[in-house]
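Read top to bottom, the protein sequences are chains C and L. Quick note on the numbering used here: the first sequence kicks off at 1 and runs consecutively. Quick note on the numbering used here: the second sequence kicks off at 1 and runs consecutively.
Please note that the accuracy of each hint is not assured.
As the list claims (entries may be wrong) - Below 30 Å or equal to it, Euclidean Cα-Cα: the simulated DSSO-like pairs (lysine-lysine) are:
| hint | chain 1 | residue 1 | chain 2 | residue 2 |
| --- | --- | --- | --- | --- |
| 1 | C | K127 | L | K185 |
| 2 | L | K284 | L | K159 |
| 3 | L | K174 | C | K211 |
| 4 | C | K130 | L | K185 |
| 5 | L | K174 | C | K16 |
Please keep in mind that the hints were generated in silico from the structure rather than gathered at the bench.
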Amino acid sequence: MSSLLKLDQVEAHIQKFHILQGISFDVKKGGVTVLLGRNGAGKTTTLRTIMGLNQVSKGTVTFKDENIGSLPTHQISNKGIGYVPEDQGVFGDLTVGENMRVAMKKEDEATTKRMEWVLDLFPDLKKFWKKPGGALSGGQKQMLAIARAYVNENELLLIDEPSKGLAPIIVDKVTESILQMKENTTILLVEQNFMMASKIGNQFYIIDDGKTVHDGQMEELKQDKVLMKKYLGIA
Amino acid sequence: MDLIISLTVNGLATGMLIFLLAAGLTLIFGLMSVLNFAHGGLFIWGAYTGVWSFQMTGSFVVGIITAIITGLLLGLVTERLIIRPVYGNHIQQILITLGFMLVLQEFIKVVFGPDQKAVFPPEILQGSFLVGDIVLIKYRLFIIAVGILIFIVSSFILKRTRIGLIVRAGVMDKEMVQSLGINIKLVFMLVFMVGAAMAALSGIMHAVYSGVIYAEMGLEFSILAFIVVVIGGMGSFSGSLFAAILVGLAQAFMAYYVPALSLAVNMLLMTVVLIFRPQGLFGKG
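Based on the provided sequences and hints, a complete structural model is requested.
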């Protein structure tokens, strides 16, 4: 599989704090790459840095062989990268329909089809189409955030902790939806819930103290109890 | 009863003028978190250029268009040169925009002279209608109609069009809007220009309403707009309309019944709102 996104020794600061100190990984086209690591390891900052929401201080971020490390966020997004942030970023005063409309970059036939597909995947969104985003439940907000990123023809989706704060039954639903999306789109997933990550992921990278320290196939990680305990705290 | 209606029309007309100025201010604050004290400068430039063009051509419509174009251009220059370097720093914003307000005010004197200028309404808007025993002054009704029209058009754009949705979304979460592929800086600039154009429109409308223009009127009138934004809630468009009408009516009625309190009533309203609802009547807590 060819490389879609490549980070090479990326460093980033938030104010005076040196958060990312050497992140390198390769996201192959197709499938799901998972970033794992303890709280505060730098996973969310990595996604934000790819999106240009944090500046790259050193290293390169390459998307489809183009260095996107110095581009503004909207241009990075328009290259074909969708982003679902950790807090979902749902516009609370806008209805579900308006949230979707803001996200739609085109109103062509392909986008309409994707919209129909994603609404079939998340029927709750259709049901609450005229309800304000702020009035949705946590799970519904997550569905809306994912749907919003998926409605455009993005080649890569960055999804940050989609299971955070959700009831187990909703986590299953979100997992199922991401499994369906991975058939059409490459996904870079940050996830603390190892059960979910291991169900969805194909390859993984472990981030610790702002550095990538280990990588491999998800199937291998499931067997490696020592690695899981050392970096993920899973006994 | 006639008196009540007459005072209400006066209050509504003043309220609509304040609304035009405050609406731009509240959008600029809501979306960009910018405290723009130069807003009164945009108002006065709209007033002077609009009146100048009105008097040169004899057409009030041309005067209004000139004021709006002046507002758009000044808005563009102000956002790019004055505001952009101080995004995110309220103290610097207050200092630089207040300074720029004074520059705009003094520059009016350089271009148009330091003396007050008399302004008369266009012929078609002079005089009044008589409905029963009630005298309705044409120009005041015109101001109310323009205010309502601007509110309806702006509300339609904000609620029904994609650009309006983007502006509202940007008020809530700028980062997310950018992550959806939208150039928020461009949106900022457009909103600033539209806000400035509304201030300039308010300027020419007020010039004809008050019958006289002078360089300092921008600063005086913009204080009312700030009071309205605080009462209505920072960033709330509907809040600005409601608060502007409230302030306009309060001023009109107090000026008649308790003239000594007519200036203090706005401050009093703002103080009461700040005590019981610091985020403003329509603001989010």
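Each hint, compared with the structure:
Only pairs whose Cα atoms come within 30 Å are accepted, and K127(C) paired with K185(L) is rejected, the gap being roughly 34 Å. Only pairs whose Cα atoms come within 30 Å are accepted, and K284(L) paired with K159(L) is accepted, the gap being roughly 18 Å. For the suggested pair K174(L) and K211(C), the alpha carbons sit about 29 Å apart, so the restraint of at most 30 Å is met. The suggested pairing of K130(C) with K185(L) holds, with an alpha-carbon distance near 29 Å, which does not exceed 30 Å.
Between the alpha carbons of K174(L) and K16(C) the distance comes to roughly 23 Å, so the proposed pair stays at or under 30 Å and holds.
In terms of the numbered hints stated before, the structure departs from hint 1 and from no other.
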